[in-house]
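**Q** The lines below spell out each chain.
Protein chains: 2
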Amino acid sequence: MSAKIITITREFGSGGRTIGKKVAEALGYDFYDWNLVSKIAAESGFAPEFVEENCEDASSALPWLFRAQNVGGDLSDQLFAAQRNVIWQLAEKGSCVIVGRCADYLLRTRTDVLNCFIYAEGEAKKQRIIHEYGETEVSIDKRLKDKDRKRKAHYQYYTGRKWGRAFYYDVCLDSGRLGIDACIDTVVSLAKSFTCTTPKEED
Amino acid sequence: MSAKIITITREFGSGGRTIGKKVAEALGYDFYDWNLVSKIAAESGFAPEFVEENCEDASSALPWLFRAQNVGGDLSDQLFAAQRNVIWQLAEKGSCVIVGRCADYLLRTRTDVLNCFIYAEGEAKKQRIIHEYGETEVSIDKRLKDKDRKRKAHYQYYTGRKWGRAFYYDVCLDSGRLGIDACIDTVVSLAKSFTCTTPKEED
Chain A
33 MSAKIITITR EFGSGGRTIG KKVAEALGYD FYDWNLVSKI AAESGFAPEF VEENCEDASS
93 ALPWLFRAQN VGGDLSDQLF AAQRNVIWQL AEKGSCVIVG RCADYLLRTR TDVLNCFIYA
153 EGEAKKQRII HEYGETEVSI DKRLKDKDRK RKAHYQYYTG RKWGRAFYYD VCLDSGRLGI
213 DACIDTVVSL AKSFTCTTPK EED
Chain B
33 MSAKIITITR EFGSGGRTIG KKVAEALGYD FYDWNLVSKI AAESGFAPEF VEENCEDASS
93 ALPWLFRAQN VGGDLSDQLF AAQRNVIWQL AEKGSCVIVG RCADYLLRTR TDVLNCFIYA
153 EGEAKKQRII HEYGETEVSI DKRLKDKDRK RKAHYQYYTG RKWGRAFYYD VCLDSGRLGI
213 DACIDTVVSL AKSFTCTTPK EED
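Chains A and B, in that order, give the protein sequences. To convert a position in the first sequence, counted from 1, into my numbering, add 32. To convert a position in the second sequence, counted from 1, into my numbering, add 32.
Since the hints were derived computationally from the structure, they do not count as laboratory data. Built from N, CA and C at the ideal position, the CB exists for glycine as well. Among the hints, erroneous ones may be present.
[Stated by the list, open to error] Within a straight-line C-alpha distance of at most 20 Å, the following computed SDA-like cross-link-like pairs (lysine to any residue) qualify: (1) A/K182 <-> A/W66; (2) A/K194 <-> B/R197; (3) B/K194 <-> A/E234; (4) B/K158 <-> A/D235; (5) B/K158 <-> B/K174; (6) A/K177 <-> B/D235; (7) A/K224 <-> B/S221; (8) B/K158 <-> A/C228; (9) B/K71 <-> B/F82; (10) B/K194 <-> A/D235; (11) A/K182 <-> B/D235; (12) B/K125 <-> B/V69; (13) B/K224 <-> A/V220; (14) A/K194 <-> B/E153; (15) A/K158 <-> B/E233; (16) B/K194 <-> A/W195; (17) A/K194 <-> B/R193; (18) A/K194 <-> B/W195; (19) B/K194 <-> A/R193; (20) A/K184 <-> B/D235; (21) A/K194 <-> B/S221; (22) A/K158 <-> B/E234; (23) A/K194 <-> B/F82; (24) A/K224 <-> B/I212; (25) A/K158 <-> A/K179; (26) A/K194 <-> B/E234; (27) B/K158 <-> A/T230; (28) B/K224 <-> A/S221; (29) A/K194 <-> B/D62; (30) A/K194 <-> B/K194; (31) B/K184 <-> A/D235; (32) A/K177 <-> B/I212.
[Said to hold, decoys possible] Which chain B residues face chain A? A few, computed with CB under 10 Å, are given here: (33) E153; (34) K194; (35) S221.
Can you make the complete structure from the sequences, with help from the hints?
**A** This is how it looks when you write it as structure tokens:
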């Protein structure tokens, strides 16, 4: 037996997406990341641009902003509901790796999910962001801080969970200190040996 | 290259001690757990019984109690200083696995340490405690709650860290869901492939 679904919750710049992609390739699983946007757009009826703008990294402050102005708050909730439906449909469809999008939380009642959290130290994340996405006019410190803040706020808002608390996950890995390859090998190995058949207990 | 020192911070009932012992055997490393008590007693001049009473699981509320009464607070600090000295001496001496005793925090400036956190869900911990230590007159729920509370309080008091925050560790594993053997294999494998040569960044 092995884990049918693998969720990867990750810090910006930790290489979590790369790790998820390589794990999916190694296991022959489907891989979902940015390609979820078009599926969520189709499910919700919203434009892909709107979905992307309201995704975990972009305008995560929107729900608060909408609510503070007492308009449109339920648009974010509608979007999140569509996200939940899409992720559940994909999990039903077949074995897959899902990166981000609160998939760990959304699939928490399933019995076949291995939940992973990937993070790294500041310097390792900065080096990786420059290497992967290149330099921009905005300083690397600001890019990292902004993205981390938004992703964390989005996750905590929708899940009610504290960012980085180990107990929500089956395995947490510091990709900067362990190396991307070691993280890939670890997740693949743990997914293969996974025999757990109960949902992850709430912390 | 590989990690010379492995620290295991663990929840009561998670099997962290067993995992550490097996990892030490697999790597041919020394193993330190309860046997640290006599070394800390020798270093500090305190009786082994006093050391044990003030260890992470026993009377961890003592520092507060001492301080509230304005007597003896520095005894706990003296004991912790002796603990730090012993752990540093052992780390200098040779490759080893150290379970508990805030070793992750005490060795945080070293460059050759793999830090692991082992935890498990409530039901898995209860089953393991009964299996390992047997039934007692005190209910399993109370034993688990008391020990967890004391260990967490001791760790947070001496390290200033939040219990269970992933970022302090290189790897965190849910031994209940992954299984003890998979945890042993993971730590051994990560220790072998470890090439990091910098101290773990402060969170």
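**Q** Now, for every hint given, state plainly whether the structure supports it.
**A** How the hints compare with the structure:
A C-alpha spacing of about 17 Å is found between A/K182 and A/W66, which places the hinted pair at or below 20 Å, so the restraint holds. Restraint check for A/K194 and B/R197: satisfied, since their Cα atoms lie roughly 9 Å apart, inside the 20 Å limit. This hinted pair checks out: B/K194 and A/E234 have alpha carbons roughly 19 Å apart, not beyond 20 Å. For the hint pairing B/K158 with A/D235, the CA-to-CA distance comes to about 15 Å; that is within 20 Å, so the pair holds.
Between B/K158 and B/K174 the CA atoms are separated by roughly 10 Å; this keeps the pair inside 20 Å, and the hint holds. A C-alpha spacing of about 14 Å is found between A/K177 and B/D235, which places the hinted pair at or below 20 Å, so the restraint holds. Distance restraint check for A/K224 and B/S221: the Cα-Cα separation of roughly 15 Å lies within the 20 Å cut-off, and the hinted pair is therefore satisfied. At roughly 17 Å between alpha-carbon atoms, B/K158 and A/C228 fall within 20 Å of each other, so this suggested pair holds.
Between B/K71 and B/F82 the alpha-carbon distance is near 13 Å, which keeps this suggested pair within the 20 Å criterion. At roughly 15 Å between alpha-carbon atoms, B/K194 and A/D235 fall within 20 Å of each other, so this suggested pair holds. Between A/K182 and B/D235, the direct Cα distance comes to roughly 18 Å. Compliance with the 20 Å bound is thereby established for this hinted pair. Taking the CA atoms of B/K125 and B/V69, the gap is about 18 Å. The hint holds against a cut of 20 Å.
The suggested pairing of B/K224 with A/V220 holds, with an alpha-carbon distance near 17 Å, which does not exceed 20 Å. Distance restraint check for A/K194 and B/E153: the Cα-Cα separation of roughly 17 Å lies within the 20 Å cut-off, and the hinted pair is therefore satisfied. Distance restraint check for A/K158 and B/E233: the Cα-Cα separation of roughly 14 Å lies within the 20 Å cut-off, and the hinted pair is therefore satisfied. Of the pairs offered as hints, the one joining B/K194 and A/W195 holds, with about 13 Å between alpha carbons and a cut-off of 20 Å not exceeded.
A hinted pair counts as satisfied when its Cα atoms are at most 20 Å apart, and A/K194 with B/R193 qualifies at roughly 15 Å. Between A/K194 and B/W195, the direct Cα distance comes to roughly 13 Å. Compliance with the 20 Å bound is thereby established for this hinted pair. Annotation: proposed proximity of B/K194 to A/R193 holds, straight-line Cα distance about 15 Å (limit 20 Å). Taking the CA atoms of A/K184 and B/D235, the gap is about 15 Å. The hint holds against a cut of 20 Å.
Proximity of A/K194 to B/S221 is assessed by CA-CA distance (about 29 Å); at most 20 Å being required, the pair is judged violated. Restraint check for A/K158 and B/E234: the C-alpha separation of about 16 Å stays at or below 20 Å, so the hint holds. For the suggested pair A/K194 and B/F82, the alpha carbons sit about 37 Å apart, so the restraint of at most 20 Å is broken. Distance check on the hinted pair: A/K224 and B/I212 sit about 15 Å apart at the alpha-carbon level, within 20 Å; holds.
This hinted pair checks out: A/K158 and A/K179 have alpha carbons roughly 12 Å apart, not beyond 20 Å. Distance hint between A/K194 and B/E234 is fulfilled; the C-alpha atoms sit about 19 Å from each other, no more than 20 Å. With a C-alpha separation of about 16 Å, the suggested pair B/K158 and A/T230 falls inside the 20 Å cut-off, and the hint holds. A threshold of 20 Å between alpha carbons decides the hint, and for B/K224 with A/S221 the separation of about 15 Å falls inside it, so the pair holds.
A distance of roughly 36 Å separates the Cα atoms of A/K194 and B/D62; the hinted pair therefore is violated under the 20 Å criterion. About 12 Å separates the Cα atoms of A/K194 and B/K194, which keeps this hinted pair within 20 Å; it holds. About 15 Å separates the Cα atoms of B/K184 and A/D235, which keeps this hinted pair within 20 Å; it holds. Restraint check for A/K177 and B/I212: not satisfied, since their Cα atoms lie roughly 37 Å apart, outside the 20 Å limit.
Interface restraint check for B/E153: the shortest CB-CB distance to chain A comes to about 4 Å, inside 10 Å, so the restraint holds. At a threshold of 10 Å, the smallest CB-CB gap from B/K194 to chain A is about 9 Å, leaving the interface hint in force. Evaluation of the B/S221 hint against chain A yields a held restraint, the C-beta minimum of about 7 Å falling below 10 Å.
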